[in-house]
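Student: Listed below are the residues making up each chain.
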Amino acid sequence: MTARFLTLEILILKCRIFDIEFKNPVFLASGTFEYGLIYRNVTNRAGAICTKGITARPRGGNPPPRIFETACGLINSVGLENPGVDVFCKETLPRMQRLKTRIFVNVAGFTIDEFVEIVGKIGPRVDGFELNVSCPNVDMGGVSFGRDPDVCAEVVARVRAVTKLPLIVKLTANFCDPLVVARRCVEAGADGISLINTLHGMAFDLKKREVLIQGGLSGPAIKPFALYCVHRLKDIDVPIIGVGGIMSGADAYEFLLAGASAVEIGSAILRDPFSPLRIIKELKRYTG
Amino acid sequence: MRSYRLKIARRTTYTENIFGLEFKYGGIKPWPGQFFHVRVDEGVELFLNRPISVASYKRGHLLLVVKIVGRGTKVLSMKKAGDYLTLFGPFGRRFRPVHKKSLIIAGGIGIAPLHFLAEYMAGCNIDFDVLYGVRNKDEFIFRSDLKRMASRVTFVAERGYKDKETVVARIRRMDLNDFSVGYACGPREMLMALQELNLPITTYAFCEDFMGCGCGLCLGCAIMHKGVYRRICVDGPVLNLGDIDFEVQNL
Ligand SMILES: Cc1cc2nc3c(=O)[nH]c(=O)nc-3n(C[C@H](O)[C@H](O)[C@H](O)COP(=O)(O)OP(=O)(O)OC[C@H]3O[C@@H](n4cnc5c(N)ncnc54)[C@H](O)[C@@H]3O)c2cc1C
Ligand SMILES: Cc1cc2nc3c(=O)[nH]c(=O)nc-3n(C[C@H](O)[C@H](O)[C@H](O)COP(=O)(O)O)c2cc1C
Ligand code: FES
Chain V
1 MTARFLTLEI
11 LILKCRIFDI
21 EFKNPVFLAS
31 GTFEYGLIYR
41 NVTNRAGAIC
51 TKGITARPRG
61 GNPPPRIFET
71 ACGLINSVGL
81 ENPGVDVFCK
91 ETLPRMQRLK
101 TRIFVNVAGF
111 TIDEFVEIVG
121 KIGPRVDGFE
131 LNVSCPNVDM
141 GGVSFGRDPD
151 VCAEVVARVR
161 AVTKLPLIVK
171 LTANFCDPLV
181 VARRCVEAGA
191 DGISLINTLH
201 GMAFDLKKRE
211 VLIQGGLSGP
221 AIKPFALYCV
231 HRLKDIDVPI
241 IGVGGIMSGA
251 DAYEFLLAGA
261 SAVEIGSAIL
271 RDPFSPLRII
281 KELKRYTG
Chain G
1 MRSYRLKIAR
11 RTTYTENIFG
21 LEFKYGGIKP
31 WPGQFFHVRV
41 DEGVELFLNR
51 PISVASYKRG
61 HLLLVVKIVG
71 RGTKVLSMKK
81 AGDYLTLFGP
91 FGRRFRPVHK
101 KSLIIAGGIG
111 IAPLHFLAEY
121 MAGCNIDFDV
131 LYGVRNKDEF
141 IFRSDLKRMA
151 SRVTFVAERG
161 YKDKETVVAR
171 IRRMDLNDFS
181 VGYACGPREM
191 LMALQELNLP
201 ITTYAFCEDF
211 MGCGCGLCLG
221 CAIMHKGVYR
231 RICVDGPVLN
241 LGDIDFEVQN
251 L
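So the protein sequences, as listed, match chains V and G. If you read the first sequence in the working numbering, its first letter stands for residue 1, the second for the next number, and so on. If you read the second sequence in the working numbering, its first letter stands for residue 1, the second for the next number, and so on.
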C-alpha cells in the first residue's frame, strides 16, 4: 500500500466516536489480536485495538483443546488466559503505549469489585475501556453478569465513578435481550455498547461419546444474529460497535447500515492476520 | 510471516491416503520445525486454516506432505497441479538442531517435519540415524531419501512385516549410548509412551494440536510445559519432550 493510499484512506474513513478521533471505524476485537504487539503494521492501521480480556488476577486459561472448527466458524474455550492487571500494567501496557492506534482495555471481572479494581489500576493510560460482562459472576452463583440488567447497570455505575474515559459495555446475547441490558447500561453512564460477544456452543466427540469442547461460538456463522442484535439497538443514543462474523468490507458496511458507528474484527483474523487491512480497504469503496 | 498465493507445481501420491504438494517458493526461508497455515476453503465453511509442516525445502521448491484424516485434508487431496493455494507462514519457532549424533524417531505422518530436519542435518553434516514406524508397511514414504541421508535407518511396522513391532517397542531394546539427542514426531500416544520410557537422551518433540491463528494471537493452541501453558504455534512446535505434561487435557 502506498503512502498516498494511506492518506486517502484516512481522509475517507476518519471518524469521531465518544468525542475522540479514530483513523477508521475498523477495530481489532478482544482476544484475537492479543495485545497488538505481534503484527504492529496491522495494529497501527486499525482504528483501535481491544486487548485480550484482563482479569484482576493472572489466569492460566483452560486446558486444551481450546479451539474447534464448526461450520462457518469456531468454538473457543481459551478461558481468559492473561497475566492479570498488575503484570499487564507493568510489562504489557508500556509497550502498547507506543502503538499508533487507540487502545481499549477489555476488562473481565468476576465480581463488581474486580471491574472497579482493574479499571482503577490501569487509570488514564489508555483511550478507553470495554467491559466484558459475559464472565460468570462468582457472587451470584456464576450466572453471567450480562444476563442481568440490574447487575450490569451496577457494574457500569461503579466503574463510571472511577474513570472519565470512554466506557463501552460489551454485551452478550446469550439468554437475554441486549436491548434491555443496553438501556440500563446507558442510564448508568455507559458511553457506548459493543455487541455481540461469542454465543454459547458445544461439540461432542462421537468416538468417545463425550463433550469435546464447550465455549463461545464466533465467525460468519453468527453474523446474521449479530447484525440483528445491532439493529435492535438502533434507537439507543450512544454509539454502537458491531461485532460478529465480519469477513469483508461488505460485511462491515452491513453493520454500519444496521446502525453501528464502528465494527470489530475477530475470527477473521484467525484465518488471515492481515484481514483487517483488507476490510479497511474494501470498506472505503462503500463509504467513499 | 507473509501470505502467499502459490501454484501447485506437482502433486504426488505416496499412498492411498498420503499425498504431497510441491510449490515453487521464493518467500521467507523456512527452518526445521516450521509449518505453513494452509487455507483449505476459499469460502468460509471450513473456517480455519490447517497447519502443515515443511517436509522439504530445496532450491526454491517447497514440499508439503499431507495425510487425509478429515474434511480439510480431503479437500486438499483433491487439488491438482496448476491449482492455487493460499498459505500463511512460515510459522513456528525456528529450531536449530544440535551438532551431535542424533536419532530421528518418526511415527506415521510424523515423518513429514522430520524429513525436513533430516535434510537440514545432512546439509550441515550432522550424523544421524532414523527410526521410522508405521501401522502398515505400505505406508512408508521417503524411504530411499532417508537411506541416502542417514547413517542408519530402521523401519518398523505393526502390520505387513514378519517382525511386527512399534517404534516404542523397538526403542526399548535399542542401545542409545551412541546418541546425544532425539527428535520425535508422531501420534500423541507415541509421544506419551516415549516420555514414559524416560529416554537417556535429550528428546525434542514436534507437537500438534488444534490451531486457530497459528501465529500467537488467539492463545488457542495451549500445551502444558514446565507448569505453564505455552503456545505450540510460537513457543513450539518443537519442545523438550520431558517438559511437556500431556495429561492436562479436557479430552
Ligand atoms: C504444527 C503442526 C504441523 C503439522 N504438520 C502436518 C503435516 O506435515 N502433515 C499432515 O498430514 N498433518 C500435519 N499436521 C496435522 C494436520 O494439521 C491435521 O491433520 C489437519 O488439520 C486435520 O484437518 P482435517 O480437516 O482433515 O481434519 P478434521 O476434520 O479437522 O479432523 C479429523 C481428525 O483429526 C483430529 N485432528 C484434527 N486436527 C488435529 C490436530 N491439529 N492435532 C491432532 N488431531 C487433530 C480430529 O480430532 C479428528 O479426529 C500438523 C499439525 C500441526 C499442529
Ligand atoms: C479466540 C477468541 C478469544 C476471545 N477472547 C475474548 C476476550 O478475551 N474478551 C472478549 O470480550 N471477547 C473475546 N472474544 C470474542 C470476540 O471479541 C468477538 O466478540 C466474537 O468472537 C465475535 O466476533 P467474530 O465473529 O468476528 O469473531 C474472543 C473470541 C475468540 C475467537
Ligand atoms: S494458534 Fe493462535 S495462538 Fe497458537
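If you are wondering where the hints come from, they were derived from the structure by calculation, not from laboratory data. Treat each hint with caution, since some may be false.
Calculated cross-link-like contacts (lysine-lysine; reagent style BS3-like; alpha-carbon spacing at most 25 Å) [stated by the list, open to error]: (1) V:Lys23 x V:Lys284; (2) G:Lys101 x V:Lys208; (3) G:Lys101 x G:Lys67; (4) G:Lys74 x V:Lys208; (5) G:Lys67 x G:Lys100; (6) G:Lys67 x V:Lys207; (7) V:Lys90 x V:Lys14; (8) V:Lys23 x V:Lys164; (9) G:Lys74 x V:Lys207; (10) V:Lys90 x G:Lys29; (11) G:Lys79 x G:Lys7.
For each label pair, taking beta carbons as the anchor points, the in silico distance ranges come out as [what the hints assert, rightly or not]: (12) V:Val180 x G:Ala9: 38 to 48 Å; (13) G:Asp138 x V:Gln214: 34 to 44 Å; (14) V:Ala203 x G:Tyr84: 23 to 33 Å; (15) G:Glu247 x V:Val211: 13 to 23 Å; (16) V:Asn41 x G:Arg96: 24 to 34 Å; (17) V:Lys121 x G:His99: 41 to 51 Å; (18) G:Asp243 x V:Ala203: 27 to 37 Å; (19) G:Glu247 x V:Arg209: 33 to 43 Å; (20) V:Arg160 x G:Thr202: 14 to 24 Å; (21) G:Glu196 x V:Glu210: 49 to 59 Å; (22) G:Gly227 x V:Phe204: 29 to 39 Å.
A virtual CB, placed ideally from N, CA and C, is assigned to each residue, including glycine.
Student: Each of the hints needs a verdict: does it hold here or not?
Tutor: For each hint, the structure was consulted:
1. The straight-line distance between the Cα atoms of Lys23 of chain V and Lys284 of chain V is roughly 12 Å, inside the 25 Å bound, and the hint therefore holds.
2. Pair hint Lys101 of chain G plus Lys208 of chain V does not hold up; C-alpha atoms about 41 Å apart against a cutoff of 25 Å.
3. Restraint check for Lys101 of chain G and Lys67 of chain G: not satisfied, since their Cα atoms lie roughly 30 Å apart, outside the 25 Å limit.
4. A distance of roughly 23 Å separates the Cα atoms of Lys74 of chain G and Lys208 of chain V; the hinted pair therefore holds under the 25 Å criterion.
5. Our distance criterion of 25 Å between C-alpha atoms is broken by Lys67 of chain G and Lys100 of chain G, whose separation comes to about 31 Å.
6. Between the alpha carbons of Lys67 of chain G and Lys207 of chain V the distance comes to roughly 20 Å, so the proposed pair stays at or under 25 Å and holds.
7. With a CA separation close to 32 Å, the supplied pair Lys90 of chain V and Lys14 of chain V exceeds the 25 Å bound.
8. Simply put, Lys23 of chain V and Lys164 of chain V have alpha-carbon atoms about 22 Å apart, close enough for the 25 Å limit, and the pair holds.
9. For the hint linking Lys74 of chain G to Lys207 of chain V, the alpha-carbon distance of about 20 Å falls within 25 Å, and the restraint holds.
10. Only pairs whose Cα atoms come within 25 Å are accepted, and Lys90 of chain V paired with Lys29 of chain G is rejected, the gap being roughly 36 Å.
11. A hinted pair counts as satisfied when its Cα atoms are at most 25 Å apart, and Lys79 of chain G with Lys7 of chain G qualifies at roughly 10 Å.
12. Taking the beta carbon of each, Val180 of chain V and Ala9 of chain G are about 58 Å apart, not inside 38 to 48 Å as hinted.
13. The hinted range of 34 to 44 Å is satisfied by Asp138 of chain G and Gln214 of chain V, whose Cβ atoms lie roughly 39 Å apart.
14. Separated by about 31 Å at the C-beta atoms, Ala203 of chain V and Tyr84 of chain G satisfy the suggested range of 23 to 33 Å.
15. A C-beta distance of roughly 18 Å is found between Glu247 of chain G and Val211 of chain V, which places it inside the suggested range of 13 to 23 Å.
16. The given range of 24 to 34 Å is respected by Asn41 of chain V and Arg96 of chain G, whose C-beta atoms sit roughly 27 Å from each other.
17. Taking 41 to 51 Å as the suggested C-beta distance range, the pair Lys121 of chain V and His99 of chain G conforms, at roughly 48 Å.
18. Checked against the hint of 27 to 37 Å, the C-beta distance between Asp243 of chain G and Ala203 of chain V comes to roughly 30 Å, which is consistent with it.
19. Evaluation of the 33 to 43 Å hint for Glu247 of chain G and Arg209 of chain V yields a failure: the beta carbon distance comes to about 21 Å.
20. In this structure the hint that Arg160 of chain V and Thr202 of chain G lie 14 to 24 Å apart at CB is violated, the actual value being about 56 Å.
21. For Glu196 of chain G paired with Glu210 of chain V, a C-beta distance near 24 Å fails the hint of 49 to 59 Å.
22. Evaluation of the 29 to 39 Å hint for Gly227 of chain G and Phe204 of chain V yields a pass: the beta carbon distance comes to about 30 Å.
Of the numbered hints listed earlier, those contradicted by the structure are 2, 3, 5, 7, 10, 12, 19, 20 and 21.
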